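Asks: Take a look at the letters that make up each chain.
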Amino acid sequence: MKLLVCISNVPDTTTKVRFADNQTRFDATGVQWIINPWDELALTRAVDLKEDSNNPVSEVVVINVGSVETEPTLRKCLAIGADKAIRIDTVPKDAFQTAKQIASLAQKNAFDFIICGIESGDYNSSSVGGMIAEFLDTVSVSSVSDIQFQEGKAIVERDVAAGKEYIQMEGNAVLIVQKGFAKEPKIPNMRGIMMARQKPLEVIPANDANALTEYIGFQLPEPKAKVKMVNADQMTELVNFLSKEAKVL
Amino acid sequence: MSVLVYIQNFGSKLKKQNFEVASYGSKLAESMQCPAIAVVMGTMEDSELEKLGNYGISKTLKVTDEGFNTLINKLFTQVVQQVVVQEKVTTVIFPDNNEGKAIAPRLSVKLNAGFVSGVVSMPVTLEPFIISKRVFSGKALAQVQINSPLKIISLAINSFGLHEAKTVNQIVSFEPKVSVDDQSTKIVDRKIHSEGISLLDADRVVSGGRGMKGPENWKPLEELAKVIGAATACSRPVSDAGWRSHEEHVGQTGKIIAPNLYIAVGISGATQHVAGISRSKCIVAINNDPDAPIFEVADYGVIGDAAQILPKLTEAVKAFKGE
Ligand SMILES: Cc1cc2nc3c(=O)[nH]c(=O)nc-3n(C[C@H](O)[C@H](O)[C@H](O)COP(=O)(O)OP(=O)(O)OC[C@H]3O[C@@H](n4cnc5c(N)ncnc54)[C@H](O)[C@@H]3O)c2cc1C
Ligand SMILES: Nc1ncnc2c1ncn2[C@@H]1O[C@H](COP(=O)(O)O)[C@@H](O)[C@H]1O
Numbered sequence: 002m003k004l005l006v007c008i009s010n011v012p013d014t015t016t017k018v019r020f021a022d023n024q025t026r027f028d029a030t031g032v033q034w035i036i037n038p039w040d041e042l043a044l045t046r047a048v049d050l051k052e053d054s055n056n057p058v059s060e061v062v063v064i065n066v067g068s069v070e071t072e073p074t075l076r077k078c079l080a081i082g083a084d085k086a087i088r089i090d091t092v093p094k095d096a097f098q099t100a101k102q103i104a105s106l107a108q109k110n111a112f113d114f115i116i117c118g119i120e121s122g123d124y125n126s127s128s129v130g131g132m133i134a135e136f137l138d139t140v141s142v143s144s145v146s147d148i149q150f151q152e153g154k155a156i157v158e159r160d161v162a163a164g165k166e167y168i169q170m171e172g173n174a175v176l177i178v179q180k181g182f183a184k185e186p187k188i189p190n191m192r193g194i195m196m197a198r199q200k201p202l203e204v205i206p207a208n209d210a211n212a213l214t215e216y217i218g219f220q221l222p223e224p225k226a227k228v229k230m231v232n233a234d235q236m237t238e239l240v241n242f243l244s245k246e247a248k249v250l
Numbered sequence: 014m015s016v017l018v019y020i021q022n023f024g025s026k027l028k029k030q031n032f033e034v035a036s037y038g039s040k041l042a043e044s045m046q047c048p049a050i051a052v053v054m055g056t057m058e059d060s061e062l063e064k065l066g067n068y069g070i071s072k073t074l075k076v077t078d079e080g081f082n083t084l085i086n087k088l089f090t091q092v093v094q095q096v097v098v099q100e101k102v103t104t105v106i107f108p109d110n111n112e113g114k115a116i117a118p119r120l121s122v123k124l125n126a127g128f129v130s131g132v133v134s135m136p137v138t139l140e141p142f143i144i145s146k147r148v149f150s151g152k153a154l155a156q157v158q159i160n161s162p163l164k165i166i167s168l169a170i171n172s173f174g175l176h177e178a179k180t181v182n183q184i185v186s187f188e189p190k191v192s193v194d195d196q197s198t199k200i201v202d203r204k205i206h207s208e209g210i211s212l213l214d215a216d217r218v219v220s221g222g223r224g225m226k227g228p229e230n231w232k233p234l235e236e237l238a239k240v241i242g243a244a245t246a247c248s249r250p251v252s253d254a255g256w257r258s259h260e261e262h263v264g265q266t267g268k269i270i271a272p273n274l275y276i277a278v279g280i281s282g283a284t285q286h287v288a289g290i291s292r293s294k295c296i297v298a299i300n301n302d303p304d305a306p307i308f309e310v311a312d313y314g315v316i317g318d319a320a321q322i323l324p325k326l327t328e329a330v331k332a333f334k335g336e
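Taken in order, these protein sequences are the chains called A and B. Residues in the first sequence are numbered consecutively from 2, following this note's numbering. Residues in the second sequence are numbered consecutively from 14, following this note's numbering.
Excised from the complex, chain B in its bound form (with noise of 0.2 Å):
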């Protein structure tokens, strides 16, 4: 028996949120007196992969085949199954983003085992197995009951923090029964991210909103961005009016996100936007309206003008930064 953590390869690079997806899978595996293992696709070094080690993993598979540095999903699930059944899993955890969310569904249905995505904290209860996933974007909890003898979640971002326990993390090659020259994903072009923070990852995020007026307005808030190390969302009207990239758009029908900390700037706070921040840990809103609806679901609240206080934000970060 053991629990199996998926661990995304950022570009053979570990990030916060796979130390999180680790902390739960030790954690999980801990009350469930199993070990928690993890499993890693593409090349990465084991220097970087003994990290694992601090949260509680005890053993990681990689799979490095230069073949496995680009998702393919159907690939990447053939992987995983295999490693499920080698290692004798009974629960997988994945993160709940992109990557997740591509491998996850397929895995339920090839090990016909069921799958709750979006979970926020441990299980209620572990016979039968219960669990806690937000839904109806952020408005609500729901608990589910898995009942196939295989489980998987998917683990919200930043729902669960970090959490120590050394552990003597043995790394072992694994070696899958699969063809790498799957055509079938042929890509034909990349463009990378040439500089930011990609939105979808980040921590921490400074949006605008048409508060901020025009485009030719946007330096402070990208300041302020830069020194916190976040990157830039705006508002759906934003975007519309080519004041920023669609890329940028957050809500219902932009990106949904949830770093640890969203910074609202000239955001008046409709639901269709809340939907899709409100998996945010902390938010800030800075508007000049102290009866904008940002401010019933933000955590601190700065009533002004944008332009004036942003410079004045980015400052104090400045100075408690020592800078």
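Next up, chain A with everything else stripped away, as it sits in the complex (with noise of 0.2 Å):
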């Protein structure tokens, strides 16, 4: 089986975020880039489960729509245990247009899963993954937390709001995961960052797909009231408060 995982460039979480040409574009300037989390945890499950030879998956492709900027990441990838990666060269405006290049990527190469975070931790669209599935027609399943082999076939563990659903599988599909995929991110040592200098990165001309929507501003959200500090022996305030004025109980 062939695993296919996306992956998304995106600003460290504690970046503090700022804007640029008045408010209209992101402010790279000294932002530490790292592979989207739930990219990540998707990744270290879908190495795990090539490693262990009781399943069935034999090679690991990740690949991401970005500039030549995004190349440390895929290489990150790769010392993590990836077989390849695959670089679509253009800088992504929106999840349709980036979805429409990994569509058409996956067209030409059979992959048994595609498997895609649930949102990115830059834009939030939570898109790409389904929006890939329709571009295929093929089938989709999203809150991913799990998934386990049986006799050949996987089963894949979702959550959904009554409890937990589990679906037998047997490839081509996507899978949008979240929390759950895999524990913690696996860390690269020595020899996965020195095999990652031998290994595929491939980079691949965009096709012409459009983007239908695109962001035109920018705001930092008001600043946050202060906190209003109660005294730990007023708790019937509190609860006032919560009643009265934010109107949450």
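Don't read these hints as lab results, they were simulated from the structure. Computed from a prediction, not measured in an experiment: that's the story for all the values here. All C-beta atoms, glycine included, are put in the ideal place defined by N, C-alpha and C. Just so you know, not all the hints are guaranteed correct.
[Unchecked claim] Pair by pair, the computed Cβ-Cβ distance ranges are:
hint: 1; chain 1: A; residue 1: D84; chain 2: B; residue 2: D202; range: 27 to 37 Å
hint: 2; chain 1: A; residue 1: E72; chain 2: B; residue 2: A254; range: 30 to 40 Å
hint: 3; chain 1: B; residue 1: D202; chain 2: A; residue 2: E185; range: 35 to 45 Å
hint: 4; chain 1: A; residue 1: D138; chain 2: B; residue 2: Q46; range: 46 to 56 Å
Combine the two chains into a complex, taking the hints into account.
Replies: Here's what the structure looks like:
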């Protein structure tokens, strides 16, 4: 089985977010870039599945739609254990255009499962996975929190409002993963980093997919009102605030 | 022309968040001078569906076949697409939750319609269609323009509130042209939450961190959760240490939640934790360190020992509710 893990390259969560050019674009000066946390968990799990010979997974490929600046992130994915990286050479404009790039690559190469994270830490669109599936006219399972193999078939666990459901699949699907898919991200070791240098990082030109949406401006939220402190012996007062002022009780 | 609201079916019941998307949809429809209609998948009594009329929905299409009681992303997308075509819908509104995230992006591709997720307010302008959404896990807002004739948005839960607008809600059956015996999503097993409230849908959440000191101290936290009808959650070190189940872990690598009320007990407020809870409407922090960063994001703060404060708060809530 071949797995394709979609990797979004995002600013580290602790980044102080700033905007430039009259608040029309994200200011990337001094920003530390990381593998989107959910994608890192997806990759970790994919590599674990491949390394455990009880599973039918034979190859893990990572893909990113992005400019040359995302290559360190893809190299890190190779160091974690992906076999191959693909970069589709364009700056993503929106989820639709990004998904169309990945879908057209997947159309030409058979992957049993395409795995995406639930959202990118930057634009939080929660879209690319579902969109890829629709472009490919294939099944998608969202809120995936685990995958196991039994007799060559995958059992995919998903969260639903009422609890959990287990879905049997033979592949040809997009999985959109969230928390739980792997517990801790894998940290690349020295050997992995050395090996990553010899692994292929293929760059492919983008297709001419259009975007349907456009980011036109950004704002930082209004500074939050200062926290209202309540004395530890005055819990009745806190309850009053919560019911009368905040109206949440 | 009409605005279509996607109503998630919570085990044949409606929830407050359904009324919130309905409220949003009917307000938007009003500004566009067209009707707001709704679609519901799976079985639900008409008496339940009628309640949508209290929030401005004038027609509800129900797709009652039992085959629609389980979410099948691809199939549900087909159905909504057929409703969009039949009802000449120009704007579709989903809840920004698991089910919305499962269907809306697919529908966007199917209809070639721009999709903006996690919107927090009415459009800034209708022509061009510009709308605000949260980005960078709540650290900023963005204005996004949708350039396609058809528009799809998902509404951040608890961002708009309820707005009553009594309307006669006509309930009609919709017969989609799809095959319901779709075997692609074959459910082989289920585990239903036996008790408690699902964290992802919870209106209120009480959450414990390392300041709780150990799993044996969770009783008072659970008591509080019980009296206010909250789900329980925890920080990552707590679930990593096995004090609580991984299901409860919220944050950057855990669940992202947006309850009305989030009570953080013994949680320092690390950025990675806050990334999962900053969309909450009201945050209360209980911590013995006045300099804990959680107080920078909290609306209300209490300084002191969690073990002592929790029972007092529970008592105060009980007294307030007259128990
Ligand atoms: C890549 C990455 C991803 C991460 N993802 C997540 C995530 O998803 N979710 C998450 O939660 N964390 C995440 N973390 C970890 C995060 O950085 C913090 O380490 C973690 O949130 C701290 O948990 P805590 O607040 O429970 O513990 P601590 O930071 O140890 O804080 C405990 C708090 O309890 C207070 N306290 C102590 N005793 C008492 C008492 N008796 N009464 C009241 N208060 C008391 C202390 O003052 C302190 O503020 C991530 C970290 C990294 C690097
Ligand atoms: N530029 C990209 N390149 C590759 N995969 C991406 C890209 N952007 C998003 N994804 C994938 O889609 C998921 C959801 O992202 P988004 O729809 O941007 O919130 C991410 O977790 C990634 O798996």
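Asks: All hints, please: hold or fail.
Replies: These are the hints, each one checked on the structure:
A beta carbon spacing of about 32 Å between D84(A) and D202(B) agrees with the range 27 to 37 Å that was offered as a hint. Separation of E72(A) from A254(B) is about 37 Å and conforms to the stated range, judged on CB atoms against 30 to 40 Å. Distance hint for D202(B) and E185(A): a CB-CB separation of about 26 Å, inconsistent with the stated range 35 to 45 Å. Look at D138(A) against Q46(B): about 36 Å separates their beta carbons, and that is not inside 46 to 56 Å.
Hints 3 and 4 from the earlier list are contradicted by this structure; the remaining hints agree with it.
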